[in-house]
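Peer 1: In the order they appear, the protein sequences are chains A and B.
Residue numbering for the first sequence follows my numbering, starting at 1 and increasing by one per position.
Residue numbering for the second sequence follows my numbering, starting at 1 and increasing by one per position.
Any given hint could be a false lead.
The list treats identical chains as interchangeable, and a pair is accepted whether it falls inside one copy or across any two copies.
Calculated lysine to any residue pairs in the SDA-like style (CA-CA distance at most 20 Å, straight line) [claimed, not checked]: (1) K216 to L93; (2) K216 to V172; (3) K45 to K216; (4) K45 to G19; (5) K196 to K218; (6) K45 to R56; (7) K196 to N149; (8) K216 to L111; (9) K196 to E136; (10) K115 to V172; (11) K196 to D181; (12) K196 to V122; (13) K45 to D35; (14) K45 to Q7; (15) K45 to P139; (16) K216 to A152; (17) K196 to P139; (18) K216 to T226; (19) K216 to Q7.
Everything labelled a hint here was simulated from the structure, so no lab data went into it.
Number of protein chains: 2
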Amino acid sequence: MTDQTGQTRYRVAVIGGTGPQGKGLGYRFAKGGHDVVLGSRAAEKAEAVAAEVRERLDGTAAAGSVTGLANADAVEACDVVLLAVPYDGHDELVASLPLAGKTVISCVNPLAFDKRGAHGRVVNGGEGSAAESAQELAPDATVVGAFHNVSAVLLWGDDEFLDEDVLVVGDVVEAKQVAMDLAASVTGRVGIDGGKLRLARQLEPFTAVLISINRKYKTHAGLRITGLDAPH
Amino acid sequence: MTDQTGQTRYRVAVIGGTGPQGKGLGYRFAKGGHDVVLGSRAAEKAEAVAAEVRERLDGTAAAGSVTGLANADAVEACDVVLLAVPYDGHDELVASLPLAGKTVISCVNPLAFDKRGAHGRVVNGGEGSAAESAQELAPDATVVGAFHNVSAVLLWGDDEFLDEDVLVVGDVVEAKQVAMDLAASVTGRVGIDGGKLRLARQLEPFTAVLISINRKYKTHAGLRITGLDAPH
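Make the full structure from the sequences, and use the hints.
Peer 2: What follows is the structure in structure tokens.
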């Protein structure tokens, strides 16, 4: 479905929609005119957070709808599914969802923390990533990786757009385009095609570097790619 | 040694100084007022490239010196050593150099290429990086990681500074500061402290993402960190 401006209007299920990353991305997508269904284990919790997002959007011209459902029902209601869940329990949750035929966007970051700070967790002996695991667990879905590096604080903050780029990786161009389109709601410009799905191995743990910078410089660091003319 | 502006003037051995990354970084360091000794397996080859860099710098006010020596002699002549060598043969070369007591900066990228493009090579089962390998092989040196993501083409190009940030990782603050200072010769501002040395696992293969972007968008992509006031 396209709106009056010609922008494709997506209907996005946000799994983990009551967590800070999912809620923040859901808010931005709806603010950008997409319809959002926040998913949670319990429908009531999802609906309560959806009400909070709707209140935040009140008065925003052309905002999309925001509702809340249990995770599997949210997936059933949408063509696009954003996985915004913690890495712990990720595989079991993904395997339980009816993802066949869906465009699935993973922003899952397999990170670990110790007294030396954040660092990447090793997935599949270094030859895997959360996004690739999701693709293996849902072979009839099309999985891309994106939105790994955006700050939940800034997503829920007051800036019109985040001063960052969204890198999108995947093996299917059309599925990458969905995430690149959605990125415009977050950053004000389409996302950047960062290559094949296996490069999620690089995007996911890069968040550990940004967390280190945040700690050192007391900021919310983001990533921009230089050398590209806007709009890409 | 400090120059008249108060900037620390380093004496940097560039191992792999005849390759595009080493030559380009050596050029930029010397342009910024640091003294550079390009190293190569054969002193004559190093001296030939040094002459080329000197010619390029001719007339540049306050440029540092550029000379060429065999790798081990270059190391002996300097306090700071930049490892700008291919990952193939990296470990053997590092083990052969007299690095004890030196500040060693690794910009080595363990990458592999196949018909799907560039991707990161798995070092030590996913729990290692070229920089960490160098630290293990030279336990009496202090190794940091930096300059992984800068384009050799842009380094040798005509822009006064590159529109990128240099991320520096390491476990010793003073050693990171050396690389952060040197970064100013490349980007016009000091580098960014990106955290502990183990995060080189993230910086090194991120270059594969930039290579993918370069291929897709026909550019020389770079990385900037947002959310930091300049100067850092």
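Peer 1: Hints first: check each against the structure and report whether it holds.
Peer 2: Verification of the hints:
1. K216 to L93: Neither: 34 Å inside a copy, 34 Å across copies.
2. K216 to V172: This pair counts as between: shortest inter-copy Cα distance 14 Å, intra-copy 38 Å.
3. K45 to K216: Neither way: K45 and K216 sit 35 Å apart in one copy and 42 Å across, limit 20 Å.
4. K45 to G19: This pair counts as within: shortest intra-copy Cα distance 11 Å, inter-copy 58 Å.
5. K196 to K218: between (33 Å within a copy, 17 Å between copies)
6. K45 to R56: So K45 and R56 pass the 20 Å test inside one copy only (17 Å; across, 65 Å).
7. K196 to N149: both (17 Å within a copy, 19 Å between copies)
8. K216 to L111: So K216 and L111 pass the 20 Å test inside one copy only (18 Å; across, 29 Å).
9. K196 to E136: within (15 Å within a copy, 32 Å between copies)
10. K115 to V172: Close across copies (16 Å), not inside one copy (39 Å); limit 20 Å.
11. K196 to D181: The answer is within: 18 Å in one copy meets 20 Å, while 35 Å across copies does not.
12. K196 to V122: Close inside one copy (19 Å) and across copies (17 Å); limit 20 Å.
13. K45 to D35: For K45 and D35, the Cα distance is within 20 Å only inside one copy (18 Å; across copies 62 Å).
14. K45 to Q7: Cα proximity of K45 and Q7: none, with 31 Å in one copy and 57 Å across.
15. K45 to P139: Answer is neither: 29 Å inside a copy and 53 Å across each miss the 20 Å cutoff.
16. K216 to A152: within (18 Å within a copy, 29 Å between copies)
17. K196 to P139: within (16 Å within a copy, 37 Å between copies)
18. K216 to T226: Only across copies: K216 and T226 sit 14 Å apart there, 23 Å inside one copy, limit 20 Å.
19. K216 to Q7: So K216 and Q7 fail the 20 Å test inside a copy (39 Å) and across (23 Å) alike.
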